[in-house]
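*Asks:* Sequence:
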Amino acid sequence: MQQLSAQDAQFLYLETGNNLTHVMGVNIFDPSTAPKGKVRFKDIIAHVESRLDCSPVFRRRLLRQPFDFDHPYWVEDEFFDIEHHMFHGRLPDPGDWRQFCIHLSRHFSRPMDMNRPLWDMYVIEGLGRIKGLPKGAYAIATRVHHAAIDGASAMHFFSALTDKNAKGTPAIDLAPARSAPATAPSALTVLNRALASNLQSPVKMASTLLRFSPAIWSAVRHSMGPGAERSSKVPQTRFNRPVSPHKVFDAAIFSLADLKQIKAKVEGATINDVVLAIS
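All you need for this note's numbering is the position in the sequence shown, starting with 1, plus 1.
None of the hints are false.
Derived lysine to any residue pairs resembling SDA-like cross-links, with alpha carbons at most 25 Å apart: (1) LYS261 x ASP251; (2) LYS37 x ARG130; (3) LYS248 x THR143; (4) LYS39 x THR163; (5) LYS39 x GLN100; (6) LYS168 x GLY129; (7) LYS168 x LEU257; (8) LYS132 x ILE29; (9) LYS132 x ILE279; (10) LYS248 x LEU15; (11) LYS248 x TYR14; (12) LYS168 x PRO135; (13) LYS261 x SER160; (14) LYS39 x GLY169; (15) LYS136 x LYS168; (16) LYS43 x GLY169; (17) LYS132 x ILE103; (18) LYS168 x PRO32.
No lab work stands behind these hints, which were simulated from the structure alone.
Could you build the full structure based on these sequences and the hints that come with them?
*Replies:* This is the structure we're talking about:
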């Protein structure tokens, strides 16, 4: 059992129906190097299943406190089933880039199941008719909650799933076989830890109380009536409007050679700098 840090837990407290705090990576694959040039959905499930020991993200779920009295814990999911995390779809006609982006947007806009390990994969077939993509191409959209992953662990997570070559050589050294899973603690044990943790840390106690302040302020503002809020003189743009639950995905494809040419124009620049500038 491992307790979330305050930094990781904030992504849970900030999440609303309109503000989802998971992240998504999209990878497009060419099946021509696979045996017989074809990859089936069950092959992908088997591959992911063979790598589950490489990251604790795959099998652990949240154990939250009543009223979020203390930061949640990661515990082993005793009922883990990989098929609850793997989904399969195909682009409808005409199978173009727009349809692909719609599929991804809808998938990203769905809240994650907070009662299971906070990741899932959506395999999308039928990309072969999109300009620039190989015949039979398919994509895997992988969602992971930001509470479960950061930049460094994300690199390890995705590297553990991929191979260096068509022979199936893992991109990184794989973890040894996992030991027997730890059983989840009793509710009383967790509550006692939460009480001790809050009593030992006045800052944590204060932050717990402050998490209730938005609801309190909302009630006060409602009681004051609609004229209580001052009108803003900030011009309305697409970036400062209320957030919608309906997300929109799009992307542009650049060759690594082109990005390196851009990088070379600025001394000390990195590929990451170039990507951020383009974005």
